[in-house]
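Residues per chain, in single letters:
2 protein chains.
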Amino acid sequence: MSSSRPRRYAIVGSGALGGYFGARLHHGGCEVHFLFHRDLEHVRRHGLRVDSRDGDFSIAQPHAHGWPENMPTCDVVLLGLKTTENHRLAELLPPLVRGGAAVLVMQNGFGIEEQVAAAAQPRGPIVGGLAFLCSNKVGPGHIRHLDYGQIRLGQYEPRGAAAGITPVMEKIAADFSRAGIPIELEEDLRLARWKKLVWNVPYNGLCALLRVTTDRLMSFGPTRELCEQLMREVVAGAAADGRVIDGDFITLMMSNTDRMVAYKPSMLYDRENGRPMEIEAIYGNTLAAAAERGTRLPRIEMLYRQLQLVEEVGSDWATKRPSSSNFQL
Amino acid sequence: MSSSRPRRYAIVGSGALGGYFGARLHHGGCEVHFLFHRDLEHVRRHGLRVDSRDGDFSIAQPHAHGWPENMPTCDVVLLGLKTTENHRLAELLPPLVRGGAAVLVMQNGFGIEEQVAAAAQPRGPIVGGLAFLCSNKVGPGHIRHLDYGQIRLGQYEPRGAAAGITPVMEKIAADFSRAGIPIELEEDLRLARWKKLVWNVPYNGLCALLRVTTDRLMSFGPTRELCEQLMREVVAGAAADGRVIDGDFITLMMSNTDRMVAYKPSMLYDRENGRPMEIEAIYGNTLAAAAERGTRLPRIEMLYRQLQLVEEVGSDWATKRPSSSNFQL
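Protein chains in written order, with our numbering: chain D, 1 to 329; chain G, 1 to 329.
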């Protein structure tokens, strides 16, 4: 691809995450093409708008597309869908990766790059992006950026080896830096994903299950200890995968969470809004990876089973059923 | 005590359980004295009424008391309070056990007889009664009996040994049988309590936590398996306490539960009605007994921690708080 034109991004999933980073990249000098679904007509008419605590910004005439087939060949495909939509990857990605584009997978959980590799067989590299971002979609083409916004990047290697720092990672990092997005490069994507799970596994699941914000879990002794136990199981899973995370990292995650105020993780947010939760990406895939290596993680498995039932039952099933009886059991 | 007068029972906690069994014992020929709190005046005026699927019955002029000090010396004190009221035992029991009455502890959970022994130091024996009863209090002095109603009895021995079948158990069994209450005697109370926990531990806690009836847990693979895993941990706790429960018993409990329809265990019922749940009796005491014997039960412990948070937070705390944010974590 010629260096005379700006670097080109395709945003698949232009919501709270993809819309936010895409709009920033646009203002950083990239040519950004957004794939929209329901919001297409609205965005074509009214543009894309981000209300940010760092200053509001917008794109009056974004490159807005309704079908991946209509999008031009890009350098990077930024995957910003929720993992619960990943059954659509085999339909969405192939037209976009034909030209050798890198896929930047900005999704939660474990084993996600494997899904992308299987669904699209891209000729270019797959890079994992771990976002620490707090944003909401508040209306069609309208995003509210509340806090944070940094990214960690690591390149995917098929057999889970560390890829080191690669040229494609450095190019993406340059694009993001120019756009004012803090970015760090990781030599070992898998280690980075395990480390993110140390936070995601206790807080996403327990907050969604118990319908509480992080501060409640942390200020109550029994659940504070449970968070730490779940973190230790993630560390055990990482160890079985040959990744060493030392105890100080757990201490750091605990104290970072102590400093957050009344946090509502994405899974609780999804549950409250009647949307599917990312249970497979965060729990199912993690447990499967550990089990493949002969390691069982009983508390994470229990949380997984509980969350699956919550999803199965739906939000208000129980309260709508007729009361049966008080059994002295 | 003379054999010329009928056997005398004091019912402490004259609600869905104590009121039901007390009224049956009255019709079986015992002299039954009920301790009431809020319902005293209503019962004195309107009597005690049981609507039962086996035929309704009532007592127009029950012996209704407001203070244990006013009750006569009895042969048996039937303790029908919820365990969450057991902080009142030291005040309620001593006046009733002075004459050497047996205490029949008809409460859920583990380690309950120890609490009675510590609170009241009764001179008579302590007998544990495990009730399989489905009844509700539907109004003052008004009980609805929905299903079941059988009892298992075993005598308490201070160091947890099996007491065998004792004369006091046989006398109580004769009273209950005359009243038409199915009753079985157990040589080893502790084994009987562990066996009841095999059912209580998975279903009470998971149903209350997830706000579902038993059929939902059983018809969904992941939680069905979790029920079985929790049962196996109870069996491990029993084994550490020298009590052998074989695998067939788990199979039996699973298939018994399969045959129940849409069951709502007492703990879910309590949660829905904003009443304290019997978390310590069923979980805290059980875990403590296992820990004393060097055995950890990780899934039961996790459920205990989760239920404690539910109780701490109260039923609707989370949904009433302002929404914070959607964190991509």
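These are computed hints drawn from the structure, not numbers from a lab. Hints are supplied without guarantee of correctness; some may be wrong.
[Claimed, not checked] From the derived model, a few chain G residues whose C-beta atoms are all more than 12 Å from chain D: (1) W67; (2) D188; (3) T223; (4) R224.
[Stated by the list, open to error] Heads up, incomplete: computed chain G residues facing chain D, CB under 7 Å, no partners named: (5) L210; (6) M218; (7) P222; (8) L226; (9) F249; (10) R293; (11) R296; (12) P298; (13) M302; (14) Q308; (15) L309; (16) E312.
Beta carbons: idealized from backbone N, C-alpha and C, even for Gly.
Point to revise | Given hint G/L210 near chain D, where the shortest CB pair must fall under 7 Å | key: 6 Å, holds
Check your understanding: Can G/Q308 be said to touch chain D, with a Cβ gap under 7 Å?
Key -> G/Q308 check passes; min Cβ-Cβ to chain D is 5 Å, inside 7 Å.
Review point. Under the criterion of a CB-CB separation shorter than 7 Å, is G/F249 in contact with chain D as hinted?
Key: 15 Å, violated
Check your understanding: Is it correct that the beta-carbon of G/D188 has no partner in chain D closer than or equal to 12 Å?
Key -> Fine: 20 Å to the nearest Cβ keeps G/D188 off the interface.
Exercise for review: So, G/P298 near chain D? Judge it on the closest CB pair being under 7 Å.
Suggested key: 5 Å, holds
**Study point:** Restraint outcome when G/L226 is required to lie within 7 Å of chain D by C-beta distance
**Key:** At 5 Å from the nearest chain D Cβ, G/L226 passes the 7 Å test, so the hint holds.
**Study point:** chain D contact restraint for G/L309 - C-beta distance below 7 Å
**Key:** 5 Å, holds
Check your understanding: Is the hint on G/R296 kept, meaning its closest Cβ partner in chain D is under 7 Å away?
Key -> The hint is violated - G/R296 has no Cβ within 7 Å of chain D, the shortest such distance being about 11 Å.
Exercise for review: Beyond 12 Å from every chain D Cβ: check whether that's true for G/W67.
Suggested key: Correct as stated: the minimum Cβ-Cβ distance to chain D is 26 Å, above 12 Å.
Check your understanding: Holds or violated: is the Cβ of G/R224 farther than 12 Å from all Cβ atoms of chain D?
Key -> It is violated; G/R224 is separated from chain D by about 9 Å at its closest Cβ, not greater than 12 Å.
Review point. Holds or violated: is the Cβ of G/M218 closer than 7 Å to a Cβ in chain D?
Key: Violated, because the Cβ-Cβ distance from G/M218 to chain D comes to roughly 11 Å (cut-off 7 Å).
Point to revise | G/R293 as an interface hint toward chain D, with CB separation required under 7 Å | key: 20 Å, violated
Going down the numbered hints, you'll see the structure goes against 3, 4, 6, 9, 10 and 11, while the others check out.
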